[in-house]
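J.: Between the sequences and the hints, there should be enough to build the whole structure, so can you do that?
Protein chains in written order, with my numbering: chain A, 1 to 293; chain B, 1 to 230.
To be clear, the hints were calculated from the coordinates, so they are not data collected in a lab. Take the hints with a grain of salt, since some may be wrong.
Just a few of them, taken from the derived set where beta-carbon distance is under 7 Å, the chain A residues facing chain B [what the hints assert, rightly or not]: (1) M167; (2) R170; (3) E174; (4) L178; (5) A181; (6) G183; (7) I184; (8) N185.
Note that the structure is predicted; figures quoted are calculated from it, not measured. Just so it is clear, CB atoms sit at the ideal spot from N, CA and C, and this is done for glycine as well.
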Amino acid sequence: MTGFLQNTFNGLVSGAFYALLALGLAVIFGMLRVVNFAHGAFYMLGAFGAYVLLSEAGVPFWAALVIMPVGLGLLGMALERAVIHRLTRLDPLYNFLLTFGLTLILQDLVKSRYGVQSSPYATPSALGGSVDFGLFDFPTYRVFILGFAVAVCVAVWWLLSHTRVGMVVRAATERPELTRAFGINVGRWVTPVFGFGIALAGLAGVLAAPMRAVNPLMGADLIIVVFAVVVIGGLGSIFGSVAAGFGIGLVQAWGEAYLSDFPIVSQTIVFIVMAVVLLWRPAGLFGREEAPA
Amino acid sequence: MLRIDTLSAWYGEAQVLRDVSLDVAAGEVVTLVGRNGAGKSTLLRCVMGLHAGQRGTVELDGRDIGRLPAHRRARLGLGWVPDDRGSYATLSVTENLTLPPAVGPDPWPLERVYEAFPALYDRRDSAATMLSGGEQQMLALARVLRMGARLLLCDEPTEGLSPLLVQQVGDLLREAKRHGVTVLLVEQNLHFATGVADRHYLLAEGRVVEAMDNSEVRSRERELLSYLGI
Numbered sequence: 001m002t003g004f005l006q007n008t009f010n011g012l013v014s015g016a017f018y019a020l021l022a023l024g025l026a027v028i029f030g031m032l033r034v035v036n037f038a039h040g041a042f043y044m045l046g047a048f049g050a051y052v053l054l055s056e057a058g059v060p061f062w063a064a065l066v067i068m069p070v071g072l073g074l075l076g077m078a079l080e081r082a083v084i085h086r087l088t089r090l091d092p093l094y095n096f097l098l099t100f101g102l103t104l105i106l107q108d109l110v111k112s113r114y115g116v117q118s119s120p121y122a123t124p125s126a127l128g129g130s131v132d133f134g135l136f137d138f139p140t141y142r143v144f145i146l147g148f149a150v151a152v153c154v155a156v157w158w159l160l161s162h163t164r165v166g167m168v169v170r171a172a173t174e175r176p177e178l179t180r181a182f183g184i185n186v187g188r189w190v191t192p193v194f195g196f197g198i199a200l201a202g203l204a205g206v207l208a209a210p211m212r213a214v215n216p217l218m219g220a221d222l223i224i225v226v227f228a229v230v231v232i233g234g235l236g237s238i239f240g241s242v243a244a245g246f247g248i249g250l251v252q253a254w255g256e257a258y259l260s261d262f263p264i265v266s267q268t269i270v271f272i273v274m275a276v277v278l279l280w281r282p283a284g285l286f287g288r289e290e291a292p293a
Numbered sequence: 001m002l003r004i005d006t007l008s009a010w011y012g013e014a015q016v017l018r019d020v021s022l023d024v025a026a027g028e029v030v031t032l033v034g035r036n037g038a039g040k041s042t043l044l045r046c047v048m049g050l051h052a053g054q055r056g057t058v059e060l061d062g063r064d065i066g067r068l069p070a071h072r073r074a075r076l077g078l079g080w081v082p083d084d085r086g087s088y089a090t091l092s093v094t095e096n097l098t099l100p101p102a103v104g105p106d107p108w109p110l111e112r113v114y115e116a117f118p119a120l121y122d123r124r125d126s127a128a129t130m131l132s133g134g135e136q137q138m139l140a141l142a143r144v145l146r147m148g149a150r151l152l153l154c155d156e157p158t159e160g161l162s163p164l165l166v167q168q169v170g171d172l173l174r175e176a177k178r179h180g181v182t183v184l185l186v187e188q189n190l191h192f193a194t195g196v197a198d199r200h201y202l203l204a205e206g207r208v209v210e211a212m213d214n215s216e217v218r219s220r221e222r223e224l225l226s227y228l229g230i
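T.: Have a look at this one:
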């Protein structure tokens, strides 16, 4: 029982990262119809930025938790204005080439300066130690990540469902052309939404720094699973991306714990789930078939 | 109010509108009739600014709006009622109504909309796509009235509706007209068209082939129906 609870908790913590990254991908895809393959690189930049801020300028974790998402959000907005917006009306192949190319550039820039070795990032002192849950102890920092990620997801959900901006984003995500015909300048919201999605990736990166190995490839390893999450949840579905994020975290943790005798299954379980979901619901669990304009 | 002059439009290589010219005066209700594929819906999309491949002039109150993006045209008072009713699944009924900003001199307050459409009030927190087809059509019309649009562009607002609902749509368009709203609508139902509209344009193969008034449509109804293939 204790082991099961611990595995479940670990799964939810991994799921928290998947959910934050998939959420950003979902809002970006919804608004821009761009699949941002560079999302993992921004996650890596979030973690690396936190590391550089601490090691070279002594900026603490809590400040990095604000600085990096804001800074990367601004960088994202600049990139959207400079290159990403040119993808509209182009063949989706260009979408892949551009954002994958950006990934390689960002990774190699970091690699050329800091090498490929992982850099250590100390857990903030206020979040050291562990929390006693009766049946088992759990590192305080992981409890914090879980609570923080859930709070961010709830806040984003509230923003989307209860504000006028959220209503406009939902409408433009569902039917961009129709929404323009109702007097809404959809284009004006595209850049901030892209920046916001990137900021979420940066936030996930800062949160990852104290518990994951900080290196230039950390995003590339993670993003493959995140894309499976996005496909399972339904491309563009906000709720689906968060639910699938936590769900896949759990599936992965349980698979590693209870199917360790079948490494082929436990290592590929995410993609097995993805294949089954796609056979059953091609648009993903919470996705909708594209409506006409 | 609306003047279209030598408007041509293409889908890729295929030309769907050929030098269409027509006028709609303020306060008029004008229908576009014609077979499927005659270019009626494309004409409405060109007026709204939703069709990319076009050439010619579209003027609203003497101002050339042919180069303006759709959202700017909406803010000048164009109200879009699309053929699929344009309901958002991710927005509640109230959100569907309040999504467009109020633009005209006489936007309906939400209370007035709900007074006129009690069925929408009862379902105000539901997703709009959960409404019946008739309710969604009412929602589409109520939305542009709440917006205060001065010129409604309606694409087959009676399609697939029961006779009772068709009558309600007619009542609504007549009431809008009484308040000075101008309407350009695509319509296949000639009986409905003569009941709400002042004039009619017959489109064929992308051209305006005839302009008719109500008495002309009524006297030639059989000929027109067989031409339209209904």
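J.: Now tell me, hint by hint, if it's right for this structure.
T.: Going down the list of hints, with the structure as the test:
1. M167: holds (5 Å)
2. R170: With a closest approach of 5 Å, the R170 (chain A) hint holds.
3. E174: Given a least distance of 5 Å, the restraint on E174 (chain A) holds.
4. L178: holds (5 Å)
5. A181: holds (4 Å)
6. G183: holds (3 Å)
7. I184: holds (6 Å)
8. N185: Nearest chain B Cβ about 5 Å off; hint holds.
Figure legend: structure checked against the earlier numbered hints; every hint is met.
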